[in-house]
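Enquirer: Take a look at the letters that make up each chain.
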Amino acid sequence: MAEEPIVIKKKTEKSFKDMVMEQLPEGGNLNACLTCGTCAAGCPATGMHGMDPRKVVRMAALGMDEELKQTPWAWMCSMCTRCVHACPMNVNIPGLVFNMRASWPREERPRGILRSCDMALSTDTCSAMGTRDEDFQFVVEDVLEGVRMQPGFETIEAPIDKQGAYFFLNQNSREPNNEPEEMIPLWKILHMVGASWTYGSKGWAAENYCMFLADDEAWEKITRVAAEQAEELGVTSFVNTE
Amino acid sequence: MESIIPYYAQWIREGKLKVNSDWNQDLKVKFTVQDPCNLVRKSFGDALADDMRFVLKACVGEDNFIDMNPNKSNNYCCGGGGGFLQNPYKEERLQYGQKKLDQIVATQADYCVTPCHNCHSQIHELSEHAPTHWGTVHLWTIICLAAGVLCRNERTYLHDDLKEVNLPEWDETEFL
Numbered sequence: 000m001a002e003e004p005i006v007i008k009k010k011t012e013k014s015f016k017d018m019v020m021e022q023l024p025e026g027g028n029l030n031a032c033l034t035c036g037t038c039a040a041g042c043p044a045t046g047m048h049g050m051d052p053r054k055v056v057r058m059a060a061l062g063m064d065e066e067l068k069q070t071p072w073a074w075m076c077s078m079c080t081r082c083v084h085a086c087p088m089n090v091n092i093p094g095l096v097f098n099m100r101a102s103w104p105r106e107e108r109p110r111g112i113l114r115s116c117d118m119a120l121s122t123d124t125c126s127a128m129g130t131r132d133e134d135f136q137f138v139v140e141d142v143l144e145g146v147r148m149q150p151g152f153e154t155i156e157a158p159i160d161k162q163g164a165y166f167f168l169n170q171n172s173r174e175p176n177n178e179p180e181e182m183i184p185l186w187k188i189l190h191m192v193g194a195s196w197t198y199g200s201k202g203w204a205a206e207n208y209c210m211f212l213a214d215d216e217a218w219e220k221i222t223r224v225a226a227e228q229a230e231e232l233g234v235t236s237f238v239n240t241e
Numbered sequence: 000m001e002s003i004i005p006y007y008a009q010w011i012r013e014g015k016l017k018v019n020s021d022w023n024q025d026l027k028v029k030f031t032v033q034d035p036c037n038l039v040r041k042s043f044g045d046a047l048a049d050d051m052r053f054v055l056k057a058c059v060g061e062d063n064f065i066d067m068n069p070n071k072s073n074n075y076c077c078g079g080g081g082g083f084l085q086n087p088y089k090e091e092r093l094q095y096g097q098k099k100l101d102q103i104v105a106t107q108a109d110y111c112v113t114p115c116h117n118c119h120s121q122i123h124e125l126s127e128h129a130p131t132h133w134g135t136v137h138l139w140t141i142i143c144l145a146a147g148v149l150c151r152n153e154r155t156y157l158h159d160d161l162k163e164v165n166l167p168e169w170d171e172t173e174f175l
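As you go down the protein sequences, you meet chains A and F in turn. Sequence positions in the first sequence follow numbering that gives the first Met the number 0 and run 0 to 241. Sequence positions in the second sequence follow numbering that gives the first Met the number 0 and run 0 to 175.
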């Protein structure tokens, strides 16, 4: 008697891996994993919550999409790229992790990062601490006044929106808010070498939590504010400081 | 899009930025340097890592610089980036940082120079859990120290061993 045929249903939904491969250059080589474990061997997050970079790639390959999209390990990988740097097949694990973060509903992503991103979006300065441009200007001028009393630094400047300056510098929000004296050494270096530089009243803040949040739209918006300000000021070089 | 680090190196080579390490010749305070992932491995590579070392050695003396292992593009992430400092997984963050802690302790350095805000925060916190309690400073602080222009109240992150070293001549008392 003829047996009943086994009907294998064709999967109609795209897997998480397939979706991510569409996002990454060259598909992130996500199908090329040899399971060699070089990634896991050099990853400081290996073992946390029973996860490691190799496991993440294998889970993607096996279609364990729900587990991948819910593991908090996505926030314990810092996307440092040491894994892909060491990987013989150039498997873009950080790219996979970034998309794991992006698959979380926005309001469920880690609150500290979410708040910092939203804070940065709320002001043209892009400061994750919500520092407005007049506050920044006040702190800079206040500190500058003190430095100008030092012999040898009577003419030191810390310009904001200086047209045609050579360098556009960014500044982490931490210094103006918590430790303004830590801005001084860099100013002194720039003064001693006679560098032409400026901050921007818009987009001076160096941090970008929207990138950590995996919110592409917000990340782009914040980056553009700084880039546009630099362009408007006609600077030659956008410099990332320490 | 550039980093300030190669400029530090260029300015020192050109003689525009006058630093020297005489202040550390007898003290022999030891320094190591962190390779920030975003600056080195993810962006400007080992060329920038080399510039960082050139600048630091010019400021503290070649014999007083001790490299971590592994280093440059192969260095380990310290765990300060990727939003780790703002997410609720603090225990995991410190556990992640254990590798970095062990690396720094192995150098026996008194200070770790961190040309990155996230690295600075994380490595500063890690030192509180380490047997050696190293100091964590930005490169700009060491450059100004070596140039003799770092005054008393610009030394927040220096320990007692360096609070009064190579002060500007005029900075005799509490200035501001």
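Since the hints were made in silico from the structure, they are not lab data. Virtual Cβ for every residue (Gly too), placed ideally from N, Cα, C. Treat the hints with caution; some may be incorrect.
Partial list, derived from the structure: chain A residues whose beta carbon lies under 7 Å from chain F [what the hints assert, rightly or not]:
id : residue
1  : 35
2  : 115
3  : 188
4  : 235
5  : 236
For lysine-lysine, the following DSS-like pairs were computed, each having C-alpha atoms within a straight-line distance of at most 25 Å [unchecked claim]:
id : chain 1 : residue 1 : chain 2 : residue 2
6  : F       : 41        : F       : 17
7  : A       : 161       : F       : 15
8  : A       : 54        : F       : 98
9  : A       : 68        : F       : 89
10 : F       : 162       : F       : 27
11 : A       : 220       : F       : 41
12 : A       : 54        : F       : 89
13 : F       : 29        : F       : 71
14 : F       : 98        : F       : 17
15 : F       : 56        : F       : 15
16 : F       : 41        : A       : 54
Listed below are several chain A residues computed to face chain F (Cβ distance under 10 Å; list not exhaustive) [as the list claims (entries may be wrong)]:
id : residue
17 : 44
18 : 127
19 : 174
20 : 193
Enquirer: Take the hints in turn and mark each one as holding or not.
Expert: Against the structure, the hints:
no., hint, in the structure
1, 35, "violated, 17 Å"
2, 115, "holds, 6 Å"
3, 188, "holds, 6 Å"
4, 235, "violated, 10 Å"
5, 236, "holds, 5 Å"
6, F:41 <-> F:17, "violated, 30 Å"
7, A:161 <-> F:15, "holds, 23 Å"
8, A:54 <-> F:98, "holds, 21 Å"
9, A:68 <-> F:89, "holds, 21 Å"
10, F:162 <-> F:27, "holds, 15 Å"
11, A:220 <-> F:41, "holds, 22 Å"
12, A:54 <-> F:89, "holds, 23 Å"
13, F:29 <-> F:71, "holds, 19 Å"
14, F:98 <-> F:17, "violated, 36 Å"
15, F:56 <-> F:15, "holds, 17 Å"
16, F:41 <-> A:54, "holds, 23 Å"
17, 44, "holds, 6 Å"
18, 127, "holds, 9 Å"
19, 174, "holds, 9 Å"
20, 193, "holds, 7 Å"
When each numbered hint is compared with the structure, violations occur for hints 1, 4, 6 and 14.
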